[in-house]
Amino acid sequence: MPEPGDDLQARFLQGDRRALARLITDVENGTERGRTALRALYARTGQARTIGITGPPGSGKSTLTNELAKAYRRRGRTVGIVAVDPSSPYTQGAILGDRVRMQELTADPEIFVRSLASRGTLGGLSGATMDVIALLDAFGKDVILIETVGAGQDEVEIAGAAQSTVLVNTPGAGDDIQTMKAGIMEIADVLAVNKADLPGADVLISQLRALLSLLPTRGWKPPIVRLIATDGSGIEDLLDACEGHYAFLQENGRLAEADRQRTRHQLLALTRAHLLAGLLNDTGGAERLDALVDAIVARQIDPHTAAERWIAQEAHT
Amino acid sequence: MPERNIRVLIAKPGLDGHDRGAKVVARALRDAGMEVIYTGIRQTAEMIAEAALQEDVDVVGLSILSGAHLELFPAVMQACRDRGVTPDKTLFFCGGIIPDEDLPRMREIGFKAIFGPGANTNDIVAFVREHVTAPV
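Top line first, the protein sequences correspond to chains A and B. Going by this note's numbering, the first residue of the first sequence is number 1, and it counts up by one from there. Going by this note's numbering, the first residue of the second sequence is number 1001, and it counts up by one from there.
Worth flagging that the hints you see were computed from the coordinates, not collected in a lab. Every value quoted in this text rests on a predicted model; they were computed, and no experiment measured them. Each residue gets a CB set at the ideal place from its N, CA and C atoms; glycine is no exception. Worth double-checking, as some hints may not be accurate.
As the list claims (entries may be wrong) - So these bits of chain A aren't anywhere near chain B, every CB distance computed over 12 Å:
(1) Gly30
(2) Leu38
(3) Arg44
(4) Thr45
(5) Arg49
(6) Tyr90
(7) Gly160
(8) Pro171
(9) Pro199
(10) Gln207
(11) Gly253
(12) Arg264
(13) Arg288
(14) Asp302
Stated by the list, open to error - Derived CB-CB ranges, DEER-like:
(15) Thr91/A / Pro1074/B: 31 to 39 Å
(16) Gly232/A / Leu1070/B: 31 to 39 Å
(17) Gly76/A / Pro1074/B: 34 to 42 Å
(18) Asn1120/B / Lys221/A: 53 to 61 Å
(19) Asn1120/B / Arg39/A: 41 to 49 Å
The task is simple: from the sequences and hints, build the whole structure.
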């Protein structure tokens, strides 16, 4: 039975968590009700502290996120968590398992955890991540933790989505060439060395130090934090490191500049998506696409020309 | 996106650690294109209900092998109802070792289907697809 959208918004504004959950579903599915809610609530956003947690599969992101959420709660801050796991490229199905490590958080009504499937979006997040963050922000969560899919080397989208990025590393995952490669190592604002009780932790830390000494500093040197997420040791240091980065951002208008960059990035991505959807949803759009693919496969035209023609709506040539 | 993704919570209340069945069902639903939130073993009724609320799932599937279903399933159902997650809007099913004489009670408290040992995962997938309530 349809619930009127404004009723849902009213309940959202009264702090009804079920209304928040329902609106997240709406923005994730791109429904009209979701759009309307975002439009109405967007002015309330921009208050939350956002922190991205990224790193390879099995490095302990969920466990660390769980502990970091508890640490922020101990300091009296409310917490929202967005946990992204991958969708199958074949069936679109997904197992969202991040909650397994976060079950104890459900006892605290001031923590709200939402799992998202990546739904074909590359880069470690899902297409709706920014909108879900906006809803949690408008709902009044002080701190929002965003856990990416298990990231390898190139999943750097999180750096454009959160104010600070924590990269989780573990001992024994490759030699020092891995730390020298471009990509994910460069986006870290805080480097967490998890499972620091395992052999190789000291070696990893010295490799990370060597890496940092070579990176251009941009005014901020990412601290290296040693922790064991499963027993919580080092987690207060991690929180302090995150807050240290926040204090750095607050100097000289860096935070506002980063917010501008993030907004610009999001607007470009959305516009791109809308333009493409427009081309595909046009009358005959799908047929035009097929005709162009045929022409490219037959080597009658090249892909660049095809794209230009499609945009110019000349596909029937 | 042609149709909305079906979201399912698979959870194991109580103290038994036998989660093979729950994992097989989770995997089957995943392979059928659904988004399955798996919360692991040893869940309290409140944990399950809270996860169902926060994740806004269309379907809740519970598995139990300990024999405590007559105590735990009603408790989960009550915790869900307390949070507005009710069987008229959310599809509930369960599975595990549940004696025949207890099946009517399970249906009475809101489970639409009970899948025992030997249940075919294709049947479970078909059941979920057929009974998920239309999006509001």
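Now for the hints, and whether the structure bears them out:
A beta-carbon of chain B is positioned within 12 Å of the beta-carbon of Gly30/A; the least distance is around 7 Å. Under the 12 Å C-beta cut-off, the non-interface status given to Leu38/A relative to chain B holds; the minimum distance is some 16 Å. No Cβ of chain B comes within 12 Å of the Cβ of Arg44/A; the nearest lies about 20 Å off, and the non-interface call holds. The Cβ of Thr45/A sits about 20 Å from the closest Cβ of chain B, beyond the 12 Å cut-off, so the non-interface label holds.
At the 12 Å boundary, the C-beta of Arg49/A stays outside the reach of chain B, the nearest C-beta of that chain being 20 Å off. With 12 Å as the threshold on Cβ separation, the claim that Tyr90/A sits away from chain B is violated: the shortest Cβ distance comes to roughly 9 Å. The claim that Gly160/A lies off the interface holds: its Cβ sits roughly 23 Å from the closest Cβ of chain B, which is beyond the 12 Å cut-off. Interface exclusion of Pro171/A from chain B stands, the closest Cβ pair being 26 Å apart, more than 12 Å.
The beta carbon of Pro199/A sits about 28 Å from the closest Cβ of chain B, which is more than 12 Å, so the claim that it is off the interface holds. For Gln207/A, the condition that its CB be more than 12 Å from all CB atoms of chain B holds, with the nearest at approximately 34 Å. The claim that Gly253/A lies off the interface holds: its Cβ sits roughly 36 Å from the closest Cβ of chain B, which is beyond the 12 Å cut-off. No beta-carbon of chain B is positioned within 12 Å of the beta-carbon of Arg264/A; the least distance is around 26 Å.
The claim that Arg288/A lies off the interface holds: its Cβ sits roughly 19 Å from the closest Cβ of chain B, which is beyond the 12 Å cut-off. Interface exclusion of Asp302/A from chain B stands, the closest Cβ pair being 30 Å apart, more than 12 Å. Checked against the hint of 31 to 39 Å, the C-beta distance between Thr91/A and Pro1074/B comes to roughly 34 Å, which is consistent with it. Evaluation of the 31 to 39 Å hint for Gly232/A and Leu1070/B yields a pass: the beta carbon distance comes to about 37 Å.
One distance hint, 34 to 42 Å for the beta-carbon pair Gly76/A and Pro1074/B, holds here, with the actual separation near 37 Å. A beta carbon spacing of about 58 Å between Asn1120/B and Lys221/A agrees with the range 53 to 61 Å that was offered as a hint. Evaluation of the 41 to 49 Å hint for Asn1120/B and Arg39/A yields a pass: the beta carbon distance comes to about 46 Å.
Hint compliance for this structure: hints 1, 6 are broken, all remaining hints hold.
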